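Chain by chain, the residues run as shown.
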Amino acid sequence: MTYEFDFSSLLPYWREFAEGVWLTLQLSAISTVLGFVGGALCAIARADGPPWLQRVVGAYVEVIRNTPLLVQVFLVYFGIAILGIRIDANLAAVLALVVNVVAYTCEIMRAGIQSVHKAQIEAADCLGLTKTQTYWHVVLRPAIERVYPALVSQYVLLMLASSITSQISAEELTAVANRIQSDTFRSFETYIVVGLLYLALSFVVRGAFSVFGMLVFTRRRRLGTPL
Amino acid sequence: MSAVVKLSNVHKSFGALKVLDGVSFEVNRGEVVAVIGQSGSGKSTALRCINALETIEQGSIEVCGHAIHSDKLDKRALRLDVGIVFQSYNLFPHLTAEQNIMLAPTCVRKLGKKEAKDLARDCLARVGLAEKADHYPEQLSGGQQQRVAIARSLAMQPKVMLFDEVTSALDPQLTGEVLKVMEDLARGGMTMILVTHEMGFARKVATNVIYMRQGKVWETLPGHQLENPSTPELREFVGSEL
Amino acid sequence: MPTFGFNHVEFLLVAALWTLGLSAIAFIGGGILGFVIALARVSSSALVRGLAGAYVRIVQGTPLLILLFLIYFGLAIVGFNNLPAIIAAGAGLVIYSSGFLGEIWRGCIESVPKTQWEAAECLAMTRWQRMTRVILPQAARIATAPTVGFLVQIIKNTSLASVVGFVELSQAGKLINNSTFQPFIVFITVAVIYFLICYPLSAWSRGLERRLNVGRR
Numbered sequence: 001m002t003y004e005f006d007f008s009s010l011l012p013y014w015r016e017f018a019e020g021v022w023l024t025l026q027l028s029a030i031s032t033v034l035g036f037v038g039g040a041l042c043a044i045a046r047a048d049g050p051p052w053l054q055r056v057v058g059a060y061v062e063v064i065r066n067t068p069l070l071v072q073v074f075l076v077y078f079g080i081a082i083l084g085i086r087i088d089a090n091l092a093a094v095l096a097l098v099v100n101v102v103a104y105t106c107e108i109m110r111a112g113i114q115s116v117h118k119a120q121i122e123a124a125d126c127l128g129l130t131k132t133q134t135y136w137h138v139v140l141r142p143a144i145e146r147v148y149p150a151l152v153s154q155y156v157l158l159m160l161a162s163s164i165t166s167q168i169s170a171e172e173l174t175a176v177a178n179r180i181q182s183d184t185f186r187s188f189e190t191y192i193v194v195g196l197l198y199l200a201l202s203f204v205v206r207g208a209f210s211v212f213g214m215l216v217f218t219r220r221r222r223l224g225t226p227l
Numbered sequence: 001m002s003a004v005v006k007l008s009n010v011h012k013s014f015g016a017l018k019v020l021d022g023v024s025f026e027v028n029r030g031e032v033v034a035v036i037g038q039s040g041s042g043k044s045t046a047l048r049c050i051n052a053l054e055t056i057e058q059g060s061i062e063v064c065g066h067a068i069h070s071d072k073l074d075k076r077a078l079r080l081d082v083g084i085v086f087q088s089y090n091l092f093p094h095l096t097a098e099q100n101i102m103l104a105p106t107c108v109r110k111l112g113k114k115e116a117k118d119l120a121r122d123c124l125a126r127v128g129l130a131e132k133a134d135h136y137p138e139q140l141s142g143g144q145q146q147r148v149a150i151a152r153s154l155a156m157q158p159k160v161m162l163f164d165e166v167t168s169a170l171d172p173q174l175t176g177e178v179l180k181v182m183e184d185l186a187r188g189g190m191t192m193i194l195v196t197h198e199m200g201f202a203r204k205v206a207t208n209v210i211y212m213r214q215g216k217v218w219e220t221l222p223g224h225q226l227e228n229p230s231t232p233e234l235r236e237f238v239g240s241e242l
Numbered sequence: 001m002p003t004f005g006f007n008h009v010e011f012l013l014v015a016a017l018w019t020l021g022l023s024a025i026a027f028i029g030g031g032i033l034g035f036v037i038a039l040a041r042v043s044s045s046a047l048v049r050g051l052a053g054a055y056v057r058i059v060q061g062t063p064l065l066i067l068l069f070l071i072y073f074g075l076a077i078v079g080f081n082n083l084p085a086i087i088a089a090g091a092g093l094v095i096y097s098s099g100f101l102g103e104i105w106r107g108c109i110e111s112v113p114k115t116q117w118e119a120a121e122c123l124a125m126t127r128w129q130r131m132t133r134v135i136l137p138q139a140a141r142i143a144t145a146p147t148v149g150f151l152v153q154i155i156k157n158t159s160l161a162s163v164v165g166f167v168e169l170s171q172a173g174k175l176i177n178n179s180t181f182q183p184f185i186v187f188i189t190v191a192v193i194y195f196l197i198c199y200p201l202s203a204w205s206r207g208l209e210r211r212l213n214v215g216r217r
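Top to bottom, those sequences are chains E, C and Y. If you read the first sequence in this note's numbering, its first letter stands for residue 1, the second for the next number, and so on. If you read the second sequence in this note's numbering, its first letter stands for residue 1, the second for the next number, and so on. If you read the third sequence in this note's numbering, its first letter stands for residue 1, the second for the next number, and so on.
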């Protein structure tokens with residue numbers, strides 16, 4: 001039972017590995033940005049919208065949080081096909097990931113929004129700010145700063161979960177791994193390499209978010225304390 | 001002399017609890033009116049009604065020509081004319097002192113960034129905190145935060161300023177610095193209505209003192225005559241506070 | 001081509017039982033291993049802390065899918081070629097769950113106020129006694145809500161066991177789809193079954209959280 005590890009047979013595929021990393025990053029980045037914007041809007045709807053809208057968004061969030069991403073990906077992919085629209089697997093992947101991460105972002109942002117005291121909003125109102133101005137300057141800005149660590153964790157998880165979209169043949173790192181291991185028959189080595197690449201990605205992405213946070217949240221950078 | 005603030009027979013209840021029971025008084029331009037009384041006497045509620053933060057069931061309130069509680073009230077215009085400072089300062093924690101002050105002038109009066117910054121520095125200097133412009137609220141003491149809150153309201157150049165027990169949450173040694181700022185404002189001719197427990201301040205600075213009890217205006221007298229109240233209830237109240 | 005009907009739904013429900021079974025394995029196995037990890041993370045030895053920390057970072061930084069593939073092919077390497085899929089799926093989920101449960105529980109242990117440690121020490125208790133009689137009981141109370149919440153994650157994660165061929169609910173859905181070619185109705189049914197399993201647990205976890213916060217005041 002001796003197994004000869006042979007990583008060298010993977011060397012010729014370095015370009016494919018790199019491409020896989022890049023594709024995963026792209027997929028995650030697009031989903032993160034769209035997910036954040038959508039999630040923030042849903043959170044506002046849930047915190048401050050008319051009761052019917054609160055219920056609708058609430059139901060949507062519950063459905064997403066209580067069903068597996070894999071099933072959501074299949075439903076988006078096959079559901080769109082049923083409507084007669086021929087869709088690229090990558091687009092379906094982005095769609096499914098966005099639908100998923102909007103729900104989680106919504107919950108995180110809602111907690112952030114609700115952590116702002118009513119007294120703050122009253123003070124802003126008494127200074128003459130409009131509802132929109134109050135919402136942006138006094139509610140959303142501190143809310144985002146407060147929940148930023150939770151958001152970052154969520155988006156790193158999203159990047160790792162994007163591997164699931166390989167199941168509908170979207171192009172990202174895991175799909176690349178599947179192809180390479182079937183070419184080389186070096187499955188174990190391939191998945192070790194890809195595992196390490198994901199690990200490295202999670203460090204890099206987390207680091208990038210940290211740096212971004214330091215740049216944007218001046219207060220945090222100067223004082224070092226949470227809001 | 002025109003009344004800047006005029007309450008006429010105002011009634012308000014919170015559910016079954018009657019909080020304002022026919023309150024009427026007037027404040028003229030440049031006057032400083034102190035509203036005193038026990039907790040639950042309705043003084044803070046009256047103040048909040050003046051600024052349209054609470055609704056009323058009966059009566060009328062007129063501020064700077066605005067008919068509060070009428071359907072046609074332009075709330076935005078009211079907010080430009082009336083400034084309010086709260087007991088818990090309510091500074092925005094994610095903004096520096098300077099940014100706190102600049103926010104409303106840039107958003108509401110549409111000032112440019114540089115103009116707003118200069119205005120903020122001026123207001124901070126007026127309350128004696130010019131060197132704290134770059135500090136965040138959590139780096140300031142309670143008294144300093146309250147002075148920034150006053151500067152923040154001042155920056156909008158209101159015609160009337162309301163003060164809702166602004167020193168009650170402060171340690172005694174920090175109260176003095178806030179009262180000094182308020183005294184300076186009064187001497188500068190600002191029309192002020194303050195709900196306060198500071199009897200010494202009321203006697204020294206207030207044009208008129210209104211004593212409220214059980215939701216009614218129990219007695220009104222000039223500030224400097226605060227040691228000689230007519231009603232026994234006020235006599236007892238002043239005696240217990242001083 | 002058969003149409004999706006009640007016999008298919010029955011097949012899905014049986015597969016759902018396998019989902020629950022796999023979830024139980026993952027939860028119990030992951031729980032035991034995770035408990036060890038949590039204790040290691042608060043150990044007085046820096047080496048033990050570091051190793052456990054590395055374990056958690058690796059497990060949390062790798063997609064579950066990759067982990068499952070690694071175990072599947074890894075087991076094949078050491079000679080286990082024809083194992084039932086549940087072994088690979090179970091092992092993968094146990095490791096994955098341990099990495100997350102360990103972290104959750106470490107957080108709960110650390111959120112027990114330091115004063116409790118001090119009080120127990122002043123009563124001349126050994127470190128082990130302090131841990132088992134004072135800290136862990138309190139940590140366990142704090143941990144109930146997030147643990148139930150993670151159980152929901154485990155149940156959802158079992159859907160990935162389909163890639164190593166284990167027939168749980170999602171794989172059953174794929175199989176039915178391959179014969180009926182009605183993916184939408186099939187996977188909607190699958191989603192509904194997952195929802196019916198997960199939602200009560202999520203609601204319970206939220207209820208526990210609310211009650212805990214009230215109790216602590």
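Don't read these hints as lab results, they were simulated from the structure. Keep in mind that the hints are not guaranteed to be accurate.
List time: in silico DSSO-like cross-link candidates among lysine-lysine, alpha-carbon distance up to 27 Å [stated by the list, open to error]: (1) K18(C) to K6(C); (2) K75(C) to K6(C); (3) K114(C) to K131(E); (4) K216(C) to K131(E); (5) K159(C) to K180(C); (6) K110(C) to K72(C); (7) K159(C) to K117(C); (8) K180(C) to K117(C); (9) K180(C) to K18(C); (10) K75(C) to K118(E); (11) K159(C) to K118(E); (12) K18(C) to K204(C); (13) K6(C) to K204(C); (14) K6(C) to K72(C); (15) K75(C) to K159(C); (16) K204(C) to K131(E); (17) K118(E) to K18(C); (18) K131(E) to K159(C); (19) K131(E) to K180(C); (20) K159(C) to K72(C); (21) K204(C) to K159(C); (22) K114(C) to K132(C); (23) K131(E) to K118(E); (24) K72(C) to K113(C); (25) K72(C) to K114(C); (26) K131(E) to K72(C); (27) K132(C) to K75(C); (28) K180(C) to K132(C); (29) K6(C) to K113(C); (30) K72(C) to K118(E); (31) K180(C) to K204(C); (32) K118(E) to K110(C); (33) K18(C) to K131(E).
Computed from the model, here is a short list of chain Y residues facing chain E with C-beta under 8 Å [stated by the list, open to error]: (34) T62; (35) I66; (36) F69; (37) W117; (38) W128; (39) L136; (40) V152.
Please read these numbers as outputs of a predicted model, since none were measured by experiment. Don't be surprised by glycine CBs; every beta carbon is placed ideally from N, CA and C.
Checked hints:
Taking the CA atoms of K18(C) and K6(C), the gap is near 21 Å; set against the 27 Å cutoff, the hint holds. With a CA separation close to 17 Å, the supplied pair K75(C) and K6(C) stays within the 27 Å bound. With a CA separation close to 25 Å, the supplied pair K114(C) and K131(E) stays within the 27 Å bound. For the proposed pair K216(C) and K131(E), the alpha carbon gap of about 34 Å is over 27 Å, so the pair is violated.
Proximity of K159(C) to K180(C) is assessed by CA-CA distance (about 20 Å); at most 27 Å being required, the pair is judged to hold. Distance restraint check for K110(C) and K72(C): the Cα-Cα separation of roughly 24 Å lies within the 27 Å cut-off, and the hinted pair is therefore satisfied. Our distance criterion of 27 Å between C-alpha atoms is met by K159(C) and K117(C), whose separation comes to about 22 Å. Under the criterion of a C-alpha separation no larger than 27 Å, the hint pairing K180(C) with K117(C) is consistent with the structure, at around 24 Å.
Under the criterion of a C-alpha separation no larger than 27 Å, the hint pairing K180(C) with K18(C) is inconsistent with the structure, at around 35 Å. Note on K75(C) and K118(E): the hinted pairing holds, with a Cα-Cα distance of about 19 Å set against a maximum of 27 Å. As the CA atoms of K159(C) and K118(E) are separated by approximately 26 Å, the hinted pair is consistent with the 27 Å bound. A hinted pair counts as satisfied when its Cα atoms are at most 27 Å apart, and K18(C) with K204(C) does not qualify at roughly 32 Å.
The suggested pairing of K6(C) with K204(C) holds, with an alpha-carbon distance near 24 Å, which does not exceed 27 Å. About 18 Å separates the Cα atoms of K6(C) and K72(C), which keeps this hinted pair within 27 Å; it holds. For the hint linking K75(C) to K159(C), the alpha-carbon distance of about 15 Å falls within 27 Å, and the restraint holds. Using a Cα cut-off of 27 Å, the hinted pair K204(C) and K131(E) is violated, with the two alpha carbons roughly 40 Å apart.
The hinted pair formed by K118(E) and K18(C) meets the criterion: a straight-line CA distance of about 24 Å does not exceed 27 Å. With a C-alpha separation of about 23 Å, the suggested pairing of K131(E) with K159(C) holds against the 27 Å cut-off. Between the alpha carbons of K131(E) and K180(C) the distance comes to roughly 34 Å, so the proposed pair goes past 27 Å and is violated. A distance of roughly 21 Å separates the Cα atoms of K159(C) and K72(C); the hinted pair therefore holds under the 27 Å criterion.
Restraint check: the Cα-Cα separation between K204(C) and K159(C) comes to about 22 Å, which is no more than 27 Å; the hinted pair holds. For a cut-off of 27 Å, the pair hint linking K114(C) to K132(C) stands: about 18 Å separates their Cα positions. For the proposed pair K131(E) and K118(E), the alpha carbon gap of about 13 Å is at most 27 Å, so the pair holds. This hinted pair does not check out: K72(C) and K113(C) have alpha carbons roughly 33 Å apart, beyond 27 Å.
Using a Cα cut-off of 27 Å, the hinted pair K72(C) and K114(C) is violated, with the two alpha carbons roughly 35 Å apart. A hinted pair counts as satisfied when its Cα atoms are at most 27 Å apart, and K131(E) with K72(C) qualifies at roughly 19 Å. A threshold of 27 Å between alpha carbons decides the hint, and for K132(C) with K75(C) the separation of about 32 Å lies outside it, so the pair is violated. Under the criterion of a C-alpha separation no larger than 27 Å, the hint pairing K180(C) with K132(C) is consistent with the structure, at around 18 Å.
Straight-line distance between C-alpha atoms of K6(C) and K113(C) comes to about 37 Å, which puts the hinted pair past the 27 Å bound. Restraint check for K72(C) and K118(E): the C-alpha separation of about 25 Å stays at or below 27 Å, so the hint holds. Distance check on the hinted pair: K180(C) and K204(C) sit about 11 Å apart at the alpha-carbon level, within 27 Å; holds. A threshold of 27 Å between alpha carbons decides the hint, and for K118(E) with K110(C) the separation of about 25 Å falls inside it, so the pair holds.
Between K18(C) and K131(E), the direct Cα distance comes to roughly 31 Å. Violation of the 27 Å bound is thereby established for this hinted pair. The beta carbon of T62(Y) is positioned within 8 Å of a beta carbon in chain E (closest approach about 5 Å), and the interface hint is therefore held. Below 8 Å, beta-carbon pairs count as interface contacts, and I66(Y) has one with chain E at about 5 Å; its hint therefore holds. Interface restraint check for F69(Y): the shortest CB-CB distance to chain E comes to about 5 Å, inside 8 Å, so the restraint holds.
At its closest, the beta carbon of W117(Y) sits 24 Å from a beta carbon of chain E; the interface hint therefore is violated under the 8 Å criterion. For W128(Y), the interface hint is violated, the least distance from its beta-carbon to any beta-carbon of chain E being 33 Å, above 8 Å. Interface restraint check for L136(Y): the shortest CB-CB distance to chain E comes to about 26 Å, outside 8 Å, so the restraint is violated. The interface hint given for V152(Y) is met, as the beta carbon of that residue sits about 7 Å from the closest beta carbon of chain E, less than 8 Å.
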